[in-house]
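K.L.:
Knowing the structure of chain A, use the given hints to seat chain B on it.
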Amino acid sequence: MEELLEILNDINPDVDYSKEKNLIDGKVYDSFSIITLVSNISEEFDIEIGPEYLVPENFNSAEAMWKMIQKIQEDED
Amino acid sequence: MDLLTLGFLLFCIVLVIVYYLVPKAMQWWILLAASLYFYAMSGIKNMIYVLITALSTYAATRMIQSLTDRQKEWIKANKKTTSKEERAAYKAHIQAKRRAILVAALLLNFGILCTFKYLHFLIAQVNTVISSFGASPINDTLKLIIPLGISFYTFQTMGYLVDVYWNKYPAEKNFGRVLLFVSFFPQMTQGPISNYKDLTTELFKEHTFTYHHFSWGAQRMFWGFFKKMVVANVLSAYVQDVFANYASYSGITTLIGAFMYSVQIYADFSGYMDMMCGFCEVLDIRLTENFERPYFSKSIAEYWRRWHSSLGAWFKTYIYYPMAMVKWNQKLGRWAKQKLGKTFGQTVPASVALVVVWLTTGLWHGASWAYIAWGGVNGIFIIVSLWMETVYASWKQKLGINEASWGWRAFQTIRTFILVTFIKVLPEVGTLSDGFGLWKQIFTNHTIPRSFHALLPFVDKKMPLLAVMIGTILIFVTSLIQRRQPIRQWLEDHTNYAVRVLIFAVLFIVIVYFGYPASGNGGGFMYEQF
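One line per chain: the protein sequences are A and B, in this order. Quick note: the first sequence uses this note's numbering, first residue 1, plus one each step. Quick note: the second sequence uses this note's numbering, first residue 1, plus one each step.
Hint data in this document are derived by calculation from the structure and do not stem from the laboratory. Source: prediction; values computed, not measured. Be a bit skeptical, because a hint or two may be false.
[To be verified] Among chain B residues calculated to face chain A with C-beta under 8 Å, some are:
#1 Asn167
#2 Lys168
#3 Tyr320
#4 Tyr321
#5 Gly333
#6 Gln346
#7 Pro349
[Stated by the list, open to error] Okay, derived cross-link-like pairs now, SDA-like style, lysine to any residue, Cα gap no bigger than 25 Å in a straight line:
#8 Lys331(B) to Glu3(A)
#9 Lys462(B) to Phe452(B)
#10 Lys327(B) to Glu44(A)
#11 Lys117(B) to Ile145(B)
#12 Lys342(B) to Ile49(A)
#13 Lys27(A) to Glu289(B)
#14 Lys168(B) to Glu76(A)
[What the hints assert, rightly or not] Over the 10 Å line for every Cβ pair with chain B, so calculated as not near, a few chain A residues:
#15 Glu20
#16 Glu44
#17 Asp46
#18 Lys67
Positions of the beta carbon are idealized from the N, C-alpha and C atoms, including for glycine.
Chain A extracted, bound-state conformation (with noise of 0.2 Å):
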């Protein structure tokens, strides 16, 4: 959790991301965050995030990406 909460900082240092529930429908991130975002989570924990992943519901949390993370890992087993 903490290499993911590291690339969070880095994209935006802004936000509280243990309060924060709403990034992609607050419109915190845009679609080009998301890329960058889906680029350095792939290359940090070498794992293939497909598009079928990007839907809002798995970004708009901190939490909500490290389950999306540990289920692409489970998956990949």
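P.N.:
Same frame as chain A, now just chain B:
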């Protein structure tokens, strides 16, 4: 079936009555019958293409789903007895089959769309090339008539197909339901291009008649008729005149014509959406909204999130994200970060994806170089803004610009509206050189018109112009009110029943008096051609 006729009105009335009389579980069957009747009325031959799209998508999604289920069952049964490598090999085997089905269905459906939309354009380009080598050109004798709404229903249906391939939701088992999703008539000819889950949730729920739905839906339909029949149709005659004769008009007259076009296309397209969203509201069905006061946008990128937003969402989901995330593009981004710096490097995958998105958006709108150039210009503005974001931020800081101030926001809105207008007219004048010619006329012909007729030579009667001006102001004021709450809610809060009846009675009289005679100028809708 022409939407601005008494025949269509009668069709809607009969549909509403039957829809609410039948048992609730049968309501979607009534919608399906009405949709097929509506489409058959536009030409029975066209029905075959709708059926091919529905049938091929139904078959492909069912096959993809069955492979997905088979894979899940196999993994579950063999997880303990197989190695990770064996499971990966089985998944790859199933995935290859799923992909083959997806590609076949995409090729078939986009193949039909491209044949109708782009074959003549392609033959013309091939002829240009081979003629330059002295060869005799291909004789293009095909007379292809584009089936009504094919760009809209093909995109919508292919979105469903890809969603099932991506396992976003299971494939629909009932063919009738898929057919209704493909052919639902209020959105078939001009969108919105809906997501399967959103639209089917609305279509297949049980619908109860309420006065609130009826009243609000009817009000929105009225407003749509007003925008289309009074503002768009009257402006259509003026704009056509300017586009045909701009070379002989002054720069200021041509510029007014360009701004009139911006108002016309908004009143036309959003008017249609108001009519159809209003009608669906009467049926207790909520359609995806396609407009969010787009002319109040502060950048071109924002404008495209607020204008025809269902098309933008489609391109974002099925072209932009997959293109930006594809392996070679990600590799290119990493290389750019190392060689060109982090800030610029991380924009590279998105920029490459945006080039593809905007060239295809241009082609979606029409098979001509003018539309490709139009897409390209939109793309250039958006990509350059992305690259310059940090530079702009530092300029604004140095100049002490307060981004939250009213003045700065008004400047951004007006600047965006002007830019959007100039880009919009480019493909609409005729050829690409006509589009550039119109731009040139605006900037180089400095003649000052000395009379009303010299300023607006296309206006023969002043009353319709006055109606258009008042209509445009009404649309503007309504948009301002809608920033805070829906205009219908505002009317309920600030007026009594008698005043509301009076408002809509006046709208009705204005539609009949000014709108009906003008329907000959542009009886159809502008987005039907796409």
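K.L.:
Would you check the hint for lysine 327(B) and glutamate 44(A), treating anything up to 25 Å between C-alpha atoms as holding?
P.N.:
15 Å, holds
K.L.:
Sort out whether glutamate 289(B) lies within 25 Å of lysine 27(A), counting only the CA atoms.
P.N.:
Roughly 18 Å separates the two Cα atoms, so the pair holds.
K.L.:
Return the status of the interface hint for asparagine 167(B): holds when the least beta-carbon distance to chain A is below 8 Å, violated otherwise.
P.N.:
Holds - the Cβ of asparagine 167(B) comes within 8 Å of chain A, reaching about 6 Å at its closest.
K.L.:
Given a cut of 8 Å on the nearest C-beta pair, is the interface hint for tyrosine 320(B) held or broken against chain A?
P.N.:
7 Å, holds
K.L.:
Given the hinted pair lysine 462(B) and phenylalanine 452(B), is their alpha-carbon gap at most 25 Å?
P.N.:
10 Å, holds
K.L.:
Straight-line Cα separation of lysine 168(B) and glutamate 76(A) no greater than 25 Å?
P.N.:
18 Å, holds
K.L.:
Say whether it holds or is violated: lysine 67(A) keeps its Cβ farther than 10 Å from all Cβ of chain B.
P.N.:
Answer for lysine 67(A): holds, closest chain B Cβ roughly 16 Å.
K.L.:
Interface hint check: lysine 168(B), Cβ to nearest Cβ on chain A, cutoff 8 Å. Holds or violated?
P.N.:
6 Å, holds
K.L.:
Against chain A, run the beta carbon of glycine 333(B) and see if the smallest gap drops under 8 Å.
P.N.:
Given a least distance of 6 Å, the restraint on glycine 333(B) holds.
K.L.:
Does proline 349(B) hold up as a contact with chain A if the rule is Cβ-Cβ below 8 Å?
P.N.:
6 Å, holds
K.L.:
Is the claim that glutamate 44(A) lies outside the interface with chain B correct, judged by CB distances over 10 Å?
P.N.:
12 Å, holds
K.L.:
Can the hint on tyrosine 321(B) be confirmed by a CB-to-CB distance to chain A that is less than 8 Å?
P.N.:
5 Å, holds
In terms of the numbered hints stated before, the structure departs from none.
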